[in-house]
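Asker: Here is what each chain is made of, one letter per residue.
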Amino acid sequence: MNPIPGRESNLERTVLNPLRRTSMQFYFILAGLGLVFAFGVAALINQWWLGLGVTGLSRPVYWGIYLTNFVFFIGISHAGTLISAILRVTQAEWRRPITRIAEAITFFALILGLLQIWIDMGRPERILFPFLYGRFQSPFLWDFTCVGVYLMSSMLYLYLPMIPDLARMRDRMTDAPRWRRWLYSAMSLGWHGSSEQHRRLEVGIGIMAIVIIPVAVSVHTVVSWIFGMTMQPMWHSTILGPYFVVGAIFSGIAMLFVFMTLLRRAWHFEKWIAEKQYDYLGILLLVMSAFWGYFTLAEFLTTGYATLTNERAVLQAKLAGEYAPAFWVMLAGNLIVPSAILIRRKGRTPTGTFIASLSVLVGMWVERFLIVAPSLTRPSLGFMPAVYAPSLTEAAITAGSLALFALLFLLFFKVFPAMSVWEVEEGETIEAVRRKARELAQAAD
Amino acid sequence: MPRWGMVIDLDKCFACQSCTAACRMENNTPVAGKQQANMGRAILWNEVLPFSEGDYPNVVETMIPRPCMHCDDPACVKVCPVQATYRNEEGTVLIDYERCIGCRFCTVACPFQARYFNWFTPEWPEALRAHLNPDREVAPRPKGVVEKCTFCVQRLRKAREAAQAEGRTFAATDYVPACVETCTGHARYFGDLDDPRSLVSQLAASPRAFRLQEEMGTKPKVYYLKEG
Numbered sequence: 001m002n003p004i005p006g007r008e009s010n011l012e013r014t015v016l017n018p019l020r021r022t023s024m025q026f027y028f029i030l031a032g033l034g035l036v037f038a039f040g041v042a043a044l045i046n047q048w049w050l051g052l053g054v055t056g057l058s059r060p061v062y063w064g065i066y067l068t069n070f071v072f073f074i075g076i077s078h079a080g081t082l083i084s085a086i087l088r089v090t091q092a093e094w095r096r097p098i099t100r101i102a103e104a105i106t107f108f109a110l111i112l113g114l115l116q117i118w119i120d121m122g123r124p125e126r127i128l129f130p131f132l133y134g135r136f137q138s139p140f141l142w143d144f145t146c147v148g149v150y151l152m153s154s155m156l157y158l159y160l161p162m163i164p165d166l167a168r169m170r171d172r173m174t175d176a177p178r179w180r181r182w183l184y185s186a187m188s189l190g191w192h193g194s195s196e197q198h199r200r201l202e203v204g205i206g207i208m209a210i211v212i213i214p215v216a217v218s219v220h221t222v223v224s225w226i227f228g229m230t231m232q233p234m235w236h237s238t239i240l241g242p243y244f245v246v247g248a249i250f251s252g253i254a255m256l257f258v259f260m261t262l263l264r265r266a267w268h269f270e271k272w273i274a275e276k277q278y279d280y281l282g283i284l285l286l287v288m289s290a291f292w293g294y295f296t297l298a299e300f301l302t303t304g305y306a307t308l309t310n311e312r313a314v315l316q317a318k319l320a321g322e323y324a325p326a327f328w329v330m331l332a333g334n335l336i337v338p339s340a341i342l343i344r345r346k347g348r349t350p351t352g353t354f355i356a357s358l359s360v361l362v363g364m365w366v367e368r369f370l371i372v373a374p375s376l377t378r379p380s381l382g383f384m385p386a387v388y389a390p391s392l393t394e395a396a397i398t399a400g401s402l403a404l405f406a407l408l409f410l411l412f413f414k415v416f417p418a419m420s421v422w423e424v425e426e427g428e429t430i431e432a433v434r435r436k437a438r439e440l441a442q443a444a445d
Numbered sequence: 001m002p003r004w005g006m007v008i009d010l011d012k013c014f015a016c017q018s019c020t021a022a023c024r025m026e027n028n029t030p031v032a033g034k035q036q037a038n039m040g041r042a043i044l045w046n047e048v049l050p051f052s053e054g055d056y057p058n059v060v061e062t063m064i065p066r067p068c069m070h071c072d073d074p075a076c077v078k079v080c081p082v083q084a085t086y087r088n089e090e091g092t093v094l095i096d097y098e099r100c101i102g103c104r105f106c107t108v109a110c111p112f113q114a115r116y117f118n119w120f121t122p123e124w125p126e127a128l129r130a131h132l133n134p135d136r137e138v139a140p141r142p143k144g145v146v147e148k149c150t151f152c153v154q155r156l157r158k159a160r161e162a163a164q165a166e167g168r169t170f171a172a173t174d175y176v177p178a179c180v181e182t183c184t185g186h187a188r189y190f191g192d193l194d195d196p197r198s199l200v201s202q203l204a205a206s207p208r209a210f211r212l213q214e215e216m217g218t219k220p221k222v223y224y225l226k227e228g
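Chains as they are written, first to last, in the working numbering: chain R, 1 to 445; chain Z, 1 to 228.
Treat the hints with caution; some may be incorrect.
In the SDA-like style, the derived pairs of lysine to any residue whose C-alpha atoms are separated by at most 25 Å in a straight line are [what the hints assert, rightly or not]:
id : chain 1 : residue 1 : chain 2 : residue 2
1  : Z       : K34       : R       : L128
2  : Z       : K143      : R       : V41
3  : Z       : K143      : R       : L160
4  : R       : K271      : R       : M173
5  : Z       : K219      : R       : A444
6  : Z       : K143      : R       : L128
7  : R       : K276      : R       : M187
8  : Z       : K34       : Z       : L128
The hints are simulated quantities; they were obtained by calculation from the structure and are not laboratory data.
With the rest of the complex left out, here is chain R (with noise of 0.2 Å):
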């Protein structure tokens, strides 16, 4: 689509604001979430100088908040994947007011998702050595190869669908500072919207939107199987595997749709992230969440009903023990809440699902601390109670990295456009066509 010279298009307006002018909010915003990133930072330094034993971990509890951070963030990565990769290769229209928006979630999930792995290391100096002297025996290994190659593959097919958005960029926003028309020049590689260029365009992110998604389909199989391979109680489980995935698909439109609730209040985008949106997504998020609680429900009728001592001991931790408390805001996190909020049409509205993905999100964080720790707490030797208890460090570690998420998406958007400005185009353009046919074939008959 080429836009006509001279005249912005309200769709062009509305997603160039926030590029030309910031407001005194969005630096108030920045500042808070820059004072608890730096607190983040103070308390990581601290870790590196007097070592790991300034969290809550001790024997036999060597895993807790961050591994369950990186759980969680490698989890919402697949915001992306789902909306942008599933719903491009099924022709779902709806999409594309909220691809960009997905496509960086799962891009700065996975930023911060590794960070949490270097966090944990007792030598994070030797971060290279898993590249260096790494052996495929290790799940580890499986990890960072698959957590590797998804993140190249996310930035591609972040950046792609962007080239046309970057052209309309170097050529609206001939006022914006140097840097910035040099970056969108650079970055837009000469396209000018020939249908030549499209052509290998839509190749290109065909390809993309068709890989990626097995590539994220292992992600998550992995990351599991870093529990699930070991023969500890409750993680040597042959279902882990899908339960993650699911869980991720799961966590990730419950991010996706806090973020996109955001920036559609604070950027007026509400004439194209409209009721379709969040009435579609909505029933996904709803279908998701019958998925995770029919995954959950099999882990545990399967491993209470039989009498295996040491998952017993587990499962009666998670379910009357001091885990319980945990267990029931999982539940109603994951079940209760959005059940509740998304079976009715009308609660499928901005409002009603950022309720709902709020409880979702909370509800899917403690399910990965639920799985990490308890286990861990009841190891099957058996001769010792554990108890593990975070330590302001965690907090803080876990608190700082939800700030810089959230930092680093909002810094994204105020370089780059936050809603695909040729797709909606492209979407308006295809359903005018439609209207048109329908009307045509109507008035034949």
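With the hints as your guide, set chain Z onto chain R.
Answerer: Frame of chain R, contents of chain Z only:
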């Protein structure tokens, strides 16, 4: 090549924990202090652990000394991403402290809870600092790496060097870990499991012999002789 293994006779062991103390002095494991030990962070390569069976008043408590099992199919070696932990040709599972990245996957994979992590830089009270073992192989580890029982592999090296210096062939009986040497009740035996004439291989075949968590399939090489 010898395949080193250990047998512990639970009829002779009376849980005096000299083995634990000797191991600490031989291998320079740090003193965690009361608060850290209560958190479960004490590094004790050899530990005497209580196993309770039954409900009060019919409780049977067994005290079992637990060094590293040096499994023949170790779960820890399998999951290490950088090959910092490895099983050498003599069946001993060792750790390269210069390679370990402190990810703690091995500590989480071990079914015997035999691996430990340096949560802080190791410290000793004044009185013990003068008595650290000067052998470079057991130099204090840095913070952030995993460590565990090595069957006192530095003693093996010294025994081999001594045999060579004295111009005789090294025999498997020339070397024992510190815990075996110190055991007050003479309950611990050590030697080559592959030598049918050695005491350990004969005891390991005894009807009283069992191993902890055999069903895990890691093929531990520390055998116990049942009480009674």
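Asker: Are the hints correct? Go through all of them and say.
Answerer: Checked hints:
1. K34(Z) <-> L128(R): Violated: K34(Z) and L128(R) sit about 36 Å apart, past 25 Å.
2. K143(Z) <-> V41(R): holds (20 Å)
3. K143(Z) <-> L160(R): Violated, because 45 Å separates the two Cα atoms, which is more than 25 Å.
4. K271(R) <-> M173(R): holds (23 Å)
5. K219(Z) <-> A444(R): violated (81 Å)
6. K143(Z) <-> L128(R): Holds. K143(Z) to L128(R) sits at ~18 Å (cutoff 25 Å).
7. K276(R) <-> M187(R): With Cα atoms ~32 Å apart, K276(R) and M187(R) exceed 25 Å; violated.
8. K34(Z) <-> L128(Z): Holds, because 16 Å separates the two Cα atoms, which is no more than 25 Å.
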